[in-house]
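Chemist: Here the protein sequences line up with chains A and B, keeping their order. Add 48 to a position in the first sequence, counting from 1, and you land on the number used in the working numbering. Add 1254 to a position in the second sequence, counting from 1, and you land on the number used in the working numbering.
Derived from the structure by calculation, the hints contain no laboratory data. Please read these numbers as outputs of a predicted model, since none were measured by experiment. Warning: the hint list may mix true and false statements.
[Said to hold, decoys possible] In silico negatives: residues of chain A with every beta carbon more than 12 Å from chain B:
1. 58
2. 77
3. 89
4. 256
5. 259
[As the list claims (entries may be wrong)] In silico lysine to aspartate or glutamate, DMTMM-like type, Cα no more than 20 Å apart, as pairs:
6. A/279 to A/431
7. B/1314 to B/1302
8. B/1416 to A/431
9. B/1318 to A/251
10. B/1286 to B/1392
11. B/1474 to B/1495
12. B/1473 to B/1381
13. A/279 to A/292
14. B/1350 to B/1381
15. B/1314 to B/1392
16. B/1318 to B/1370
17. B/1286 to B/1415
18. B/1416 to A/427
19. B/1473 to B/1519
20. B/1452 to B/1435
21. B/1353 to B/1387
22. B/1298 to B/1370
23. B/1416 to B/1344
24. B/1286 to B/1435
25. A/279 to A/377
26. B/1314 to A/348
27. B/1318 to A/86
28. B/1298 to B/1377
29. B/1318 to B/1415
30. A/384 to A/340
31. A/437 to B/1327
32. B/1474 to A/100
33. B/1286 to A/348
34. B/1416 to A/100
35. B/1531 to B/1502
36. B/1373 to A/100
37. B/1416 to B/1519
38. A/437 to B/1377
Positions of the beta carbon are idealized from the N, C-alpha and C atoms, including for glycine.
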Amino acid sequence: MLIRFFLTVRQHGVQSSITEFLDLLRALQAGLVFADIDQFYQLARLCLVKNETDYDKFDRACAEYFAGVEQLDLASLIPDDWLQSSILRELSDEDKAKLQSLGGLEQLLAAFKQRLQEQQERHAGGNKWIGTGGSSPFGAYGFHPEGIRVGQQGSGQRRAVKVWDQRQFQALASDEELNTRSLQLALRQLRRFARTGAAQELDISATVGATSAQGGLLDLVWQRERHNAVKILLLLDIGGSMDDYITQSRQLFQAVRAEFKHLEIFYFHNCVYETLWRSEQRRPQDALATIDLLHTYGSDYKLILIGDATMGPYEISYPGGSVEHYNSEAGEVWLKRLCRQFPAAVWLNPQPNDWWSHYPSIKQINQLFDARMYPLTLDGLSDAINALKR
Amino acid sequence: MSFQSNSRYIVTPELALAVNAAITLQKPLLIKGEPGTGKTELAKALADSLQTELLQWHIKSTTKAQQGLYEYDAVSRLRDSQLGDARVHDIANYIKPGKLWQAFTAAKRPVLLIDEIDKADIEFPNDLLHELDQMAFDVYETGQTVRALQRPVVIITSNNEKELPDAFLRRCFFHYIRFPDEHALSQIVDVHLPGLCKQLLTEALESFFALRAHNQLRKKPSTSELIDWLRLLVAEQISPEQLKQAREQGGLMPLFGALLKNEQDVALLEKLAFISKRAAR
Chain A
49 MLIRFFLTVR
59 QHGVQSSITE
69 FLDLLRALQA
79 GLVFADIDQF
89 YQLARLCLVK
99 NETDYDKFDR
109 ACAEYFAGVE
119 QLDLASLIPD
129 DWLQSSILRE
139 LSDEDKAKLQ
149 SLGGLEQLLA
159 AFKQRLQEQQ
169 ERHAGGNKWI
179 GTGGSSPFGA
189 YGFHPEGIRV
199 GQQGSGQRRA
209 VKVWDQRQFQ
219 ALASDEELNT
229 RSLQLALRQL
239 RRFARTGAAQ
249 ELDISATVGA
259 TSAQGGLLDL
269 VWQRERHNAV
279 KILLLLDIGG
289 SMDDYITQSR
299 QLFQAVRAEF
309 KHLEIFYFHN
319 CVYETLWRSE
329 QRRPQDALAT
339 IDLLHTYGSD
349 YKLILIGDAT
359 MGPYEISYPG
369 GSVEHYNSEA
379 GEVWLKRLCR
389 QFPAAVWLNP
399 QPNDWWSHYP
409 SIKQINQLFD
419 ARMYPLTLDG
429 LSDAINALKR
Chain B
1255 MSFQSNSRYI
1265 VTPELALAVN
1275 AAITLQKPLL
1285 IKGEPGTGKT
1295 ELAKALADSL
1305 QTELLQWHIK
1315 STTKAQQGLY
1325 EYDAVSRLRD
1335 SQLGDARVHD
1345 IANYIKPGKL
1355 WQAFTAAKRP
1365 VLLIDEIDKA
1375 DIEFPNDLLH
1385 ELDQMAFDVY
1395 ETGQTVRALQ
1405 RPVVIITSNN
1415 EKELPDAFLR
1425 RCFFHYIRFP
1435 DEHALSQIVD
1445 VHLPGLCKQL
1455 LTEALESFFA
1465 LRAHNQLRKK
1475 PSTSELIDWL
1485 RLLVAEQISP
1495 EQLKQAREQG
1505 GLMPLFGALL
1515 KNEQDVALLE
1525 KLAFISKRAA
1535 R
């Protein structure tokens, strides 16, 4: 029985091992909890989950294991007035006015009831039916921001709210985009990668140890210096469609700047052409020819480009494709030159991963970078750093 | 033995379960949480409630795993050898037991706190794997093996500055201390400041949670800051009415310096206060 629970948890992406599962069984055997599902939830989480960013995954796994089928039955039992009050609570006055002009709450409810009747079986995923995990406005565990949540919260009178249903740890999940708090975590991942420098310095305490072990004969011991030898070349897309992501880029920028001593930063617009700029304002006096950049910085620099890569395909592949000036060589040519000069190169894209397939330009650039384009999220950043280390 | 709230430390049922599991199954308990949620205090309260010794090992960026086991004082030995001291012939004279050694050989099962493990070098947790798993280690200089008489209760805290290796995590239980809700927080305040005026507490908590609700804050105030602030409010004899007034006018709360530790945060709140004042006009 619990083996299926363990497998469900693993299916939801929590990387727990057999050792930890055995710990859980041992804890149950020791009688730490008895016949209390909330306590079991806490104990299982204690044993199986080792990172608060995985708490939300675990909550979803519990929801599936314990309650999956129950959801729909509950939905059909919900009285109108409860639904109504629950919706009204979440709407602002402005929204209510808008709703009235669209035919009112009754119509939305009618649509809900209609779908409930049309639907014959339990449903998960998808975007129309009432079910779990989809983006339909009706259902549970989904990601539709303004939908009617059915089952997930419980009615209060019929059923106690289950702990995992509250999903309190959603904000800690790591595929979430960067914010002020998670910035610290991103920094930490960069730091790990920054420690691979090597140098020689005198290890005084080991020298004293070795000397005394030899009965006073001087014996020098050397150790690796712990300095940051990694060199970073950061190119940032600025202006236009990047304005939406300005906070994210800035946060990452600050994190990188605090971390690396050898850091060079340049700006471009949409795609890299023959000129780069040293300042965000891209004034003419700050301009640097890209060819000079290629000649100035050695291939031991690691190249990080940050941009949404969202543009017309011709801006990449044709001479004269730039939206700002006439470029005699295509952006593609310049990107290829960059990739050749800097074998360790990645492109970080603040656009959510799901949207990538809709933009041909993203596909193009991803190909140019040998699929080393990563989303600007914690997971993406960590993958990017691993790619840079290779 | 089981761990519960007492007159000095409020523990949630979740945390109590975690601690009791760690005691029963004799595994280290890794505690994470926002700063100021009482991670370090937990070990102190636990030692109190088990009526046993608390061994605190505070980790710094320069701490090495070896220092927790023992240190070989080569310099003293070198000096003694020059002076012709007889002690120099026995190497055991220059071996100083570290916190883990002390914990392993304590007469009564002690509580060992490894505080802020994330401050150390990234290899630090890996160096302790075997010692925490087997609760034994070798002293190479003397060929002696130190084995735990009884496995100490190990509490490890982390502030998330570095990721801990998987192999280390597998050997621990993990609990994340969530920020307490209003009810738990008033219990905690009650423990620290007994006899605080109810009305003042309600008003203060309301201002406090309103402050924490601002997502743009760089450093959200935590429990320990709330308690400092309340102490100040009492000392300065600020009345609940003054607090309420400040909140309703959208201004900064009195003595905000105790809650906000960052000038950008203060500037942000001042800006918001200014906007809301203008909107009220």
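Chemist: If you test the structure against every hint from before, which numbers come out violated?
Modeler: 2, 3, 4, 5, 7, 10, 11, 12, 13, 15, 23, 25, 26, 27, 28, 31, 33, 37
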